[in-house]
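Q: Spelled out, the chains give:
Number of protein chains: 2
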Amino acid sequence: MTKLSLLLASAAALLAAPLSAQTSSLNAADGDRLASMADKALESDSIAWDFVEGLTTEVGPRQSGTEAEQRARDWAKKWLTAQGFAHVTEEPFMMDTWVRGEEKAQVLSPFPQPLTLVALGNSAATPAEGIKAQVVGFDSYAALADAPEGSLKGKIAFINHHMKRTQDGSGYGFAGPVRWTGPSLAASKGAIAVVIRSVGTDSHRTPHTGGTTFAEGVKPIPAAALSNPDADNLVRMLERSDDVKLHLLLTPRNLGQTRSGNVTGEIVGRDPSLPPVLLACHLDSWDLGTGAIDDGAGCAIAAAAASHVAEAGQPLRTIRVLFAGAEETGVWGGKAYAKAHADEPFAVGLESDFGADRIWQLRTNFSDSNAELHKKLVRAVERFSVEGSNREAGSGEDLTVINQQKTGHVDLAQDGTHYFDLHHTPDDTLDKIDPAQLRQNVAVWTQVVGILSNEAGPIKTQ
Amino acid sequence: MTKLSLLLASAAALLAAPLSAQTSSLNAADGDRLASMADKALESDSIAWDFVEGLTTEVGPRQSGTEAEQRARDWAKKWLTAQGFAHVTEEPFMMDTWVRGEEKAQVLSPFPQPLTLVALGNSAATPAEGIKAQVVGFDSYAALADAPEGSLKGKIAFINHHMKRTQDGSGYGFAGPVRWTGPSLAASKGAIAVVIRSVGTDSHRTPHTGGTTFAEGVKPIPAAALSNPDADNLVRMLERSDDVKLHLLLTPRNLGQTRSGNVTGEIVGRDPSLPPVLLACHLDSWDLGTGAIDDGAGCAIAAAAASHVAEAGQPLRTIRVLFAGAEETGVWGGKAYAKAHADEPFAVGLESDFGADRIWQLRTNFSDSNAELHKKLVRAVERFSVEGSNREAGSGEDLTVINQQKTGHVDLAQDGTHYFDLHHTPDDTLDKIDPAQLRQNVAVWTQVVGILSNEAGPIKTQ
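Going down the list, the sequences are from chains U and X. Counting with the UniProt record's numbering, you get residues 1 to 462 for the letters of the first sequence. Counting with the UniProt record's numbering, you get residues 1 to 462 for the letters of the second sequence.
These are computed hints drawn from the structure, not numbers from a lab. Predicted model only: the values in this text are computed from it and were never measured. Treat the hints loosely; a few may be bogus.
Okay, derived cross-link-like pairs now, DSS-like style, lysine-lysine, Cα gap no bigger than 27 Å in a straight line [stated by the list, open to error]: (1) U/K245 - X/K77; (2) U/K104 - U/K40; (3) X/K40 - X/K78; (4) U/K77 - X/K40; (5) U/K245 - X/K155; (6) U/K78 - X/K219; (7) X/K219 - X/K155; (8) X/K375 - U/K104.
To give an idea of the chain X side of the interface with chain U (calculated C-beta under 10 Å), a few residues [what the hints assert, rightly or not]: (9) T181; (10) T213; (11) F214; (12) N233.
If you want a taste of the chain U side facing chain X, the calculated C-beta under 8 Å gives, among others [claimed, not checked]: (13) T57; (14) E58; (15) G60; (16) P61; (17) L108; (18) F111; (19) T116; (20) H204; (21) D232; (22) N233; (23) S395; (24) D427; (25) T429; (26) D431.
Here a beta-carbon is modelled for each residue, glycine too, at the ideal position from N, C-alpha and C.
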């Protein structure tokens with residue numbers, strides 16, 4: 001018997017409540033016990049840290065569709081089982097897999113020196129001897145968009161779009177398109193390769209990778225991201241010369257269809273017939289770092305919160321954690337889950353996929369339709385310095401099933417000020433997590449998931 | 001005619017002093033003019049920034065003994081000439097040159113994942129297929145020293161010695177031996193390769209390179225430094241398993257004897273028969289970064305200070321800048337210079353080779369023998385928040401000639417708190433320099449070099 005199972009059994013015994021009480025929302029005593037558990041998590045949670053420490057050490061990088069991602073699923077199933085989760089399941093799906101190869105860049109003239117870069121997901125390969133061509137620089141996505149058709153024929157396009165540091169991550173929304181569709185846009189204008197300034201806010205020689213998508217009818221070209229200091233250097237060269245030549249070598253490969261999968265586990269509720277609460281994160285990571293903040297921490301937070309809620313007393317509704325596979329390369333897991341579970345009703349979904357820094361805001365998609373519950377949640381997390389917002393919740397790549405069902409959705413918004421220093425870089429490693437901030441996440445999640453999973457009535461009325 | 005030559009000519013005209021006055025120390029008016037020039041440098045110096053911006057952009061990495069270092073010498077000679085320095089000279093010498101090749105590490109078992117590392121200078125190569133062996137970990141240099149003879153036979157030694165962050169750089173003195181002689185020590189105990197924790201204070205996936213030396217009679221083995229996050233990860237693996245196996249591939253090469261050289265230039269003094277003031281730095285860098293702080297900034301500071309002193313009025317003594325070659329791989333330039341100039345008397349030497357952060361302390365080696373001058377220097381830099389110290393000056397790898405002659409020596413100690421985040425890493429790039437702190441360096445150097453180069457009497461009496 002696991003530690004959690006023991007706790008569940010004793011909690012159930014302690015409750016000693018009549019059956020009728022067990023199908024209603026939290027009573028005062030249960031509410032107090034849940035609040036104490038959240039407070040205790042803030043003080044001393046070790047479950048989340050142990051999860052992310054274990055995953056990053058024992059598995060490390062776990063790119064979607066690779067053998068390493070399978071090892072991560074095996075690791076996660078073992079962990080969930082040991083932690084007392086029920087119905088630990090792997091749901092496989094097939095996906096297209098791209099993997100990195102060699103990646104080198106060298107300024108040939110007028111100022112010979114190497115540049116540090118990484119290929120973007122879905123980048124084409126260069127010929128084996130690389131590409132040698134002149135660089136044409138653009139300050140922004142808009143400037144590239146303005147370039148005449150055909151004007152980049154035979155050239156390497158360089159997009160030097162700067163990303164701004166913001167708490168809510170909105171800087172990514174503005175700079176992201178440079179990576180998402182910039183290469184395709186450059187290719188459509190004749191470019192034979194593209195290098196972008198990293199979509200990130202740090203100043204280290206650790207470039208940011210991430211997926212790029214080529215529009216239909218546009219032949220993929222080699223596409224890579226320079227580290228920010230390298231982008232600065234290339235800008236200085238272009239300020240001095242209109243004939244900067246680059247040698248670019250990228251040898252990524254498409255592996256075709258490979259297997260990935262979603263992993264789930266449950267804290268079974270007192271009334272399993274009620275629609276469950278879904279806690280999502282993704283288990284895959286990019287290959288450059290060990291995926292501590294993206295998204296080891298997210299799965300750690302969700303799983304630790306579910307554990308603490310169970311420890312406070314068996315919840316009314318089942319809590320299911322969804323460790324989605326293959327998020328980074330196209331939300332394959334989230335989409336597969338939505339397809340497989342389209343007909344299963346869910347009460348509410350929450351996702352953690354924005355690092356390990358503290359939660360600063362709570363949003364729901366029922367502040368009007370279920371104002372009482374919304375206010376209850378806001379009041380319950382005030383003591384953790386979290387503010388309520390009437391902005392509608394709806395983020396979460398891996399909550400496709402929730403978004404399709406238009407059911408309940410809660411966002412626990414994390415502070416993203418430093419997130420894009422690390423996201424998709426080699427620097428996404430365990431040492432970047434502040435244990436105190438991670439515990440604050442777990443505390444807030446415990447409080448919120450505890451209330452939601454003990455809510456007897458519908459959470460969001462359509 | 002260059003801008004500086006024009007300024008020198010007009011300054012000489014402005015002085016309009018009798019010849020006798022020109023051979024004595026600074027008078028009050030000249031002293032005021034020098035102080036104003038230093039103040040102006042603090043406010044608005046652009047010479048140092050332009051130097052390091054130009055060198056890192058137009059040359060970039062410039063490892064000793066390579067073609068890139070020759071390009072740096074050509075660049076520096078052109079720059080010194082344009083800046084109005086006289087007697088711009090290259091003094092070539094030959095040296096042994098080692099260059100980096102491929103470098104990869106992979107944990108084979110029990111937790112397969114790649115590790116980020118860089119070869120140390122003078123590392124041997126692994127066989128083409130790499131080395132596969134068990135890792136034996138040591139917490140410190142002392143622990144490795146205690147390992148029984150032969151106990152590392154067939155193993156990869158891992159030295160996880162932590163470096164402490166200090167203002168004065170003393171942490172390097174304690175941790176440095178791990179890199180300087182740790183690999184030799186491990187080899188002498190039978191190790192077939194060695195990986196060390198980077199001798200540095202950062203937390204990025206940017207490992208620190210640097211030279212290592214194998215003792216006579218010890219056959220060199222492959223030797224590399226893990227980034228600090230990777231060292232932490234390996235420690236966690238070793239805590240879980242006593243059978244961690246690593247695959248290590250390093251393909252560095254020894255090129256044999258290649259050419260390097262020192263570059264010098266002068267601000268000619270009013271009395272060229274007096275021993276000159278020598279300002280040293282090194283022009284070479286490690287290959288991973290662009291050598292902005294190590295030591296582009298040092299040469300920038302020395303050359304900018306000499307320029308400002310000249311602008312304030314032709315100094316009494318000649319000021320010579322020495323951009324030494326091949327410091328990083330064994331002070332080849334400093335030693336060659338000392339040999340070639342053994343019989344030339346120097347008045348005093350100063351070196352800048354500790355980054356670009358502010359100067360916080362002034363030391364001399366004449367606080368007893370020439371207390372008046374020592375105090376004059378201390379008083380003159382107080383306004384830049386620099387304290388005087390009676391600790392004896394004597395640092396400066398490239399001041400070998402000064403140390404051998406036991407002549408005057410002044411240390412302008414820089415704040416090294418952040419230096420070892422960057423030193424010898426890919427992150428040693430221009431963006432790491434704070435222009436305000438760089439200007440403070442130039443101001444203090446201008447003030448001190450101005451006083452020293454206008455000192456008529458001996459600076460240090462033996």
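Q: Next step is simple, just say for each hint if it's right about the structure.
A: Taking the hints in turn, this is what the structure says about them:
Between U/K245 and X/K77 the CA atoms are separated by roughly 25 Å; this keeps the pair inside 27 Å, and the hint holds. For the hint linking U/K104 to U/K40, the alpha-carbon distance of about 49 Å lies beyond 27 Å, and the restraint is violated. Proximity of X/K40 to X/K78 is assessed by CA-CA distance (about 26 Å); at most 27 Å being required, the pair is judged to hold. About 66 Å separates the Cα atoms of U/K77 and X/K40, which puts this hinted pair outside 27 Å; it is violated.
Taking the CA atoms of U/K245 and X/K155, the gap is near 45 Å; set against the 27 Å cutoff, the hint is violated. Proposed proximity of U/K78 and X/K219 is contradicted: the alpha carbons are some 46 Å apart, above 27 Å. In summary, the hint linking X/K219 to X/K155 is supported, as the alpha carbons are separated by about 15 Å, within the 27 Å threshold. Taken as a hint, the X/K375 and U/K104 pair is broken in the structure, with Cα atoms around 54 Å apart against an allowance of 27 Å.
At a threshold of 10 Å, the smallest CB-CB gap from X/T181 to chain U is about 28 Å, leaving the interface hint violated. The restraint placing X/T213 at the interface with chain U is violated, with a minimum CB-CB distance near 27 Å, outside the 10 Å limit. Violation of the interface hint for X/F214 is found here, the shortest Cβ-Cβ separation to chain U being roughly 28 Å, above the 10 Å cut-off. Annotation: interface hint on X/N233 holds; nearest CB of chain U at approximately 6 Å, less than 10 Å.
Contact between U/T57 and chain X, as hinted, is supported at the beta carbon level, the nearest pair being about 4 Å apart and thus within 8 Å. Contact between U/E58 and chain X, as hinted, is supported at the beta carbon level, the nearest pair being about 5 Å apart and thus within 8 Å. Interface restraint check for U/G60: the shortest CB-CB distance to chain X comes to about 3 Å, inside 8 Å, so the restraint holds. Of the supplied interface hints, the one on U/P61 holds, with its beta-carbon coming within about 6 Å of a beta-carbon of chain X, less than 8 Å.
For the restraint placing U/L108 at the interface with chain X, the shortest Cβ-Cβ distance is roughly 13 Å, beyond the 8 Å limit, so the hint is violated. This hint holds: U/F111 has a C-beta 5 Å from the nearest C-beta of chain X, less than the 8 Å allowed. At about 6 Å, the closest approach between the beta carbon of U/T116 and any beta carbon in chain X falls short of 8 Å, and the interface hint on this residue holds. About 5 Å separates the beta-carbon of U/H204 from the nearest beta-carbon of chain X, less than 8 Å, and the hint is met.
Checking U/D232 against chain X by beta carbon gives a least distance of about 6 Å; that is within 8 Å, so the hint holds. For the restraint placing U/N233 at the interface with chain X, the shortest Cβ-Cβ distance is roughly 6 Å, inside the 8 Å limit, so the hint holds. Taking 8 Å as the C-beta contact cut-off toward chain X, the hint placing U/S395 at the interface is violated, the least distance being around 28 Å. Taken as an interface hint, U/D427 checks out: its beta carbon lies about 5 Å from the nearest beta carbon of chain X, inside 8 Å.
The criterion of a C-beta within 8 Å of any C-beta in chain X is met by U/T429, whose closest approach is roughly 4 Å, and the hint holds. Below 8 Å, beta-carbon pairs count as interface contacts, and U/D431 has one with chain X at about 5 Å; its hint therefore holds.
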